[in-house]
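Trainee: These are the residues of each chain, in order.
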Amino acid sequence: MSLLDQIPVVIETGSAETEVDAQWHGNAEPVLHEVRHALARLVAKGETTKIDLKAMPFGPGDLERLLSVLGTGEVQASVDALGPTRVQETAIPGVWLVDYLNSEAHRLALHLEIATVPEILCPQPQDLDDAIAALDARLNPDKSDPPLAS
Amino acid sequence: MAARNPTDKTLGESLRERGVSRRGFLKFCAATASMMALPPSMAPAIAAALEQAKRPSVIWLSFQECTGCTESLTRSHAPTLEDLILDVISLDYHHTLQAAAGDAAEHAREQAMAANPGEYLVIVDGSIPGPDSNPGYSTVAGHSNYAMLMETVENAAAVIAVGTCATFGGLPGANPNPTGAMSVMDLVKDKPVINVSGCPPIPMVITGVIAHYLTFGRLPELDAYNRPMAFFGQSIHDRCYRRPFYDKGLFAKTFDDEGARLGWCLYELGCKGPTTYNACATMRWNDGTSWPVEAGHPCLGCSEPRFWDAGGFYNTVSVPTSASGVNVLAAGAAGAIVGGAVAALAKKQTKTAVAHRQPVTVEELEAKL
Ligand code: SF4
Ligand code: SF4
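From first to last, the protein sequence lines are chains A and B. The numbering of the first sequence is the working numbering, which starts it at 1 and goes up by one. The numbering of the second sequence is the working numbering, which starts it at 1 and goes up by one.
A portion of the hints provided could be inaccurate.
Unchecked claim - To give an idea of the interface, some chain A residues facing chain B are shown, with a C-beta separation under 8 Å as derived from the structure:
{"#": "1", "residue": "Asn27"}
{"#": "2", "residue": "Pro30"}
{"#": "3", "residue": "Pro57"}
{"#": "4", "residue": "Phe58"}
To be clear, the hints were calculated from the coordinates, so they are not data collected in a lab. Beta carbons: idealized from backbone N, C-alpha and C, even for Gly.
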């Protein structure tokens, strides 16, 4: 143990490093421009866009830089299906950060969604098809099949 | 684990039986699209295709290997190994993961082969002492690796070679190759062989190939080395976040100099990124935490042929700066041909063996959006 103690250890602070990296790697900027184009398409044609942030060759600090530019907006939502999915509107209206986590809280995917409402928040069309039957079953429990889900 | 016939239930049905909602399924497909390097907008189309997919039987054979590839798969998070085994595939035989031993284990393999002729997938990790080698170099239940491989692939739909040993011979095949180790594609000529190279391979690439097979009803497009283009279509260098420094000529000269601290390019420290095709730069390792170049170490080139014999890990590769782009084009052109042949083979099999599922193309999936 005493020998180990003799090894000099210098602790470098993470925050300063992140600042340097964010400045140097510069890979957040192209994605921000992509978001800018996607917003223009949403406004002009109502077209939605999803950007897979996990697939970007981001260096240390790039994601932090991207998220700090986009900021935090007013709306937060959480979907509890196959583990939590956290939806956060950024400070840019119509630009959402959708963070898909599994039940062990490991990230499965991280998307930017440029849309009025993120897709994961919408009921699925097949579930909507079954919605009236599901409600009928609850209104008349004796006559119909049991509800699809509790 | 006992062999079983593939259930008639679709993947969507069995997931819902386990309480996974359609929203949850859509989320699973968002992660799957990310894993398969497809645009996230394809998640609903993938969900529609996977809803109808049946679970294929999978036989996993381990030969001359270190178990690193299975270790890598068990670190897979999207989908989790549990989901993969229980819902996406029917893993009927795997030395390391199965509970059965001895005769019961071998029966599981034989039953899976008999119950799913022409339909099951064979996954191989490890290289194989060739037909001219002493069969005693590596045996399982008294059978030589070569005999077991050839018997098992005879009625398989396709073979997925996992890891650099199974794809290119790897460490057992390194000079002087005392056991006469050969790769799967050296030995299997009459079935589609998909190579997922890497020492070990990225776990999500293993599961991604299976997810692709389930989604599209056929095998993915392959490069000149039979590797899926979706994961091996671009070099490490092409997607490396240190690339701007390479282009500016800013190189770390030692592992702890100022350049290394500032994240400069590791080319002069021996980085094999320019000649290595793999998905580390975008998929990263350990559940997306980091990857070797981000951790400050040059790429070793572990997913390429002759990885162990190709010279020192810290010797600078001598490639002109434009070479990686040329390689991409060459690999792409060859991949289109190989991929076409595989697609044709798979199409024929789809008619005979996988009749319950129609193959679809990316365009068809997109058209459904
Ligand atoms: S040589 Fe290596 S570290 Fe440098 S840009 Fe290419 S892959 Fe990245
Ligand atoms: S960075 Fe290179 S050596 Fe390391 S795992 Fe990826 S391909 Fe292999």
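Trainee: Using the nearest Cβ pair, does Phe58 (chain A) come within less than 8 Å of chain B?
Mentor: Nearest chain B Cβ about 6 Å off; hint holds.
Trainee: So, as I understand it, the hint says Asn27 (chain A) touches chain B; can you test that by seeing if any CB pair is closer than 8 Å?
Mentor: holds (6 Å)
Trainee: If you take the shortest Cβ to Cβ gap from Pro30 (chain A) to chain B, is it below 8 Å?
Mentor: violated (11 Å)
Trainee: Minimum Cβ distance from Pro57 (chain A) to chain B below 8 Å?
Mentor: holds (5 Å)
Against the hints set out earlier in the document, a violation occurs for number 2 only.
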